[in-house]
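Quick note on my numbering: the sequence shown kicks off at 46 and runs consecutively.
Wrong hints could be hidden among the right ones.
Claimed, not checked - Derived Cβ-Cβ restraints for the label pairs, each shown as a range:
| id | residue 1 | residue 2 | range |
| --- | --- | --- | --- |
| 1 | V137 | K251 | 15 to 25 angstroms |
| 2 | I131 | S503 | 45 to 55 angstroms |
| 3 | G233 | R154 | 29 to 39 angstroms |
| 4 | L228 | C440 | 33 to 43 angstroms |
| 5 | I146 | L480 | 44 to 54 angstroms |
| 6 | W94 | E144 | 11 to 21 angstroms |
| 7 | R154 | L76 | 15 to 25 angstroms |
| 8 | A129 | E478 | 50 to 60 angstroms |
| 9 | L140 | S322 | 48 to 58 angstroms |
| 10 | C440 | S206 | 48 to 58 angstroms |
As the list claims (entries may be wrong) - With a Cα cut of at most 16 angstroms, we get these calculated EDC-like pairs of lysine to aspartate or glutamate:
| id | residue 1 | residue 2 |
| --- | --- | --- |
| 11 | K251 | D388 |
| 12 | K310 | E113 |
| 13 | K391 | D248 |
| 14 | K310 | D388 |
| 15 | K240 | D116 |
It is worth saying that the hints were derived from the structure and are not from the lab.
Ideal Cβ placement from N, Cα and C applies to all residues, glycine included.
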Amino acid sequence: MRIGQTSFISFVSKGLSSAAGFIATILFARLLGAEILGKYYLLLSIVAWLSLLGSIGIGSAITKRVSEGTDTGEYKLAGGLTIAVIGGIIIVGLLLFQEIITSNFEVDRIGFVIILLAVGLLGSYVDAMLNGAHMVHVAAVLKVARRIARTVLQVGGVLLSFGLTALVMGYALGGLVLVVAGLYVLGGPYHLPQKEHFERLVDYAKYAWMGRLEGKTFQQADVIILGLFVPSSLVGVYGITWNIANFLIIFSTSISGALFPELSKLSADDRDQQIASLIEDALSYTGLVTIPGLVGGLLLSDRILRIYGDEFVQGAGVLGLLILSVLFYGYQKQFTNALGGIDQPKAAFKVNGVLIASNMALNAVLVYSIGMTGAALASATSSLLSLISGYYILCRHIDFSVPVAEISRQIGATVAMGALVTVLSGALAQANEPLPNEIATTALLILGAATYFAVLVSISSQFRTVVLDNVPQVALLR
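Sequences and hints are given; from them, build the entire structure.
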């Protein structure tokens, strides 16, 4: 399957998954309120950090070594055993120090953390094997199934008044969908590894773990730090704004996920020219959704957040900053993804280190001083700094060009979209909002998106070609 089609399938799958999550989150926000959601998001952040510690880059190493196509059975089993041992040690530590965790982070039950951690480690292990086996599209579809299962279980539990317990157990049980189905799709072989297989995994993981840490820092550090300084209700509001911003990055992550195994394969064959071409293609479309999303988020932030409830509108001021941060981060991830694919984990380590150090330092200072706005500003600044460093470091290894012309066309289409949305939103306000907010906001988003893509198709022959080549239904129109 071509990279474009794999990216498209992954994007559609993630889009469906996120849509299901959006609907469920709106329901949770209205039924449970910001305080319960704040506790839930804080719990997920704690588990995310522990899951990172549980794999310490082994997941990325599994993907890399399996994608190389030799001794796949040995690497799969070696990676699984390593993650299992580390995970067991963490669980013992949680049981020994549970009082510290429950008192500092408002965690009601340490059992919630252990259950989510176990399912999370299993899921990351299976996902790493699927990506390494060039089954990125399969992993994407299974993630949709996982999200739908989680949503159904969580909604059912919330409607039965189980509150936070419903959110946690639904999340955990739904996560088993990817684990069971993924193991079935992968099948064998699993061979007993030798010492050299563990060593090669560790050699890659000792730098790759920084990439995982960077991702968790970008998405979770601010939530953890907010949990120390602000009430759970504000953490809930911030978590909702992060969910909205993260929706816009799914296309760029789909591209990087599909690209990594191919870059790895080309790197093994020393095909630098093809690698540069793939990087340029990835950069051409990394901002395809995020660039218009930034303008739409700025123009419609109040309307979007009011859908979740009036108490969430206070997050409107940070939504634009968070979308800007994911825009920078999307481009940065293409650089670090390329560095990892060409077997330069040490170089990627440096880029990730810039984001982690700046994000943690800025969050510690800005969250304490200006709360939610400080957290969003820290994310935007740190992602920009790491984007700049990633560009210069990748240039040392691969000779590539930034596709300025194609990105400029996306900006031009975004300007047209923004003008239309501004006029329509102003007209609705002048008419005293004749439509319910949910209907008006949905209509504005649909019309804005339609305008953006219509203009982009008309001004970009490259985009037209990509669409015709990679969307099967559209290809029939040729």
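Taking the hints in turn, this is what the structure says about them:
A C-beta distance of roughly 24 angstroms is found between V137 and K251, which places it inside the suggested range of 15 to 25 angstroms. Our hint of 45 to 55 angstroms for I131 and S503 holds, since their Cβ atoms are close to 53 angstroms apart. Taken as a hint, the range 29 to 39 angstroms holds for the pair G233 and R154, whose Cβ atoms sit roughly 38 angstroms apart. The hinted window of 33 to 43 angstroms between L228 and C440 holds, with their beta carbons roughly 40 angstroms apart.
The hinted window of 44 to 54 angstroms between I146 and L480 holds, with their beta carbons roughly 46 angstroms apart. Restraint check, W94 to E144: a C-beta distance of roughly 19 angstroms satisfies the suggested window 11 to 21 angstroms. The beta-carbon spacing between R154 and L76, approximately 21 angstroms, falls within the hinted interval of 15 to 25 angstroms. For A129 paired with E478, a C-beta distance near 56 angstroms keeps the hint of 50 to 60 angstroms intact.
Distance hint check for L140 and S322: the Cβ-Cβ separation is about 51 angstroms, which falls inside the suggested range of 48 to 58 angstroms. Between C440 and S206 the beta carbon distance is about 56 angstroms. The supplied range of 48 to 58 angstroms therefore holds. A threshold of 16 angstroms between alpha carbons decides the hint, and for K251 with D388 the separation of about 13 angstroms falls inside it, so the pair holds. Of the pairs offered as hints, the one joining K310 and E113 holds, with about 6 angstroms between alpha carbons and a cut-off of 16 angstroms not exceeded.
Only pairs whose Cα atoms come within 16 angstroms are accepted, and K391 paired with D248 is accepted, the gap being roughly 10 angstroms. Straight-line distance between C-alpha atoms of K310 and D388 comes to about 10 angstroms, which keeps the hinted pair within the 16 angstroms bound. A threshold of 16 angstroms between alpha carbons decides the hint, and for K240 with D116 the separation of about 13 angstroms falls inside it, so the pair holds.
Hint compliance for this structure: every hint is met.
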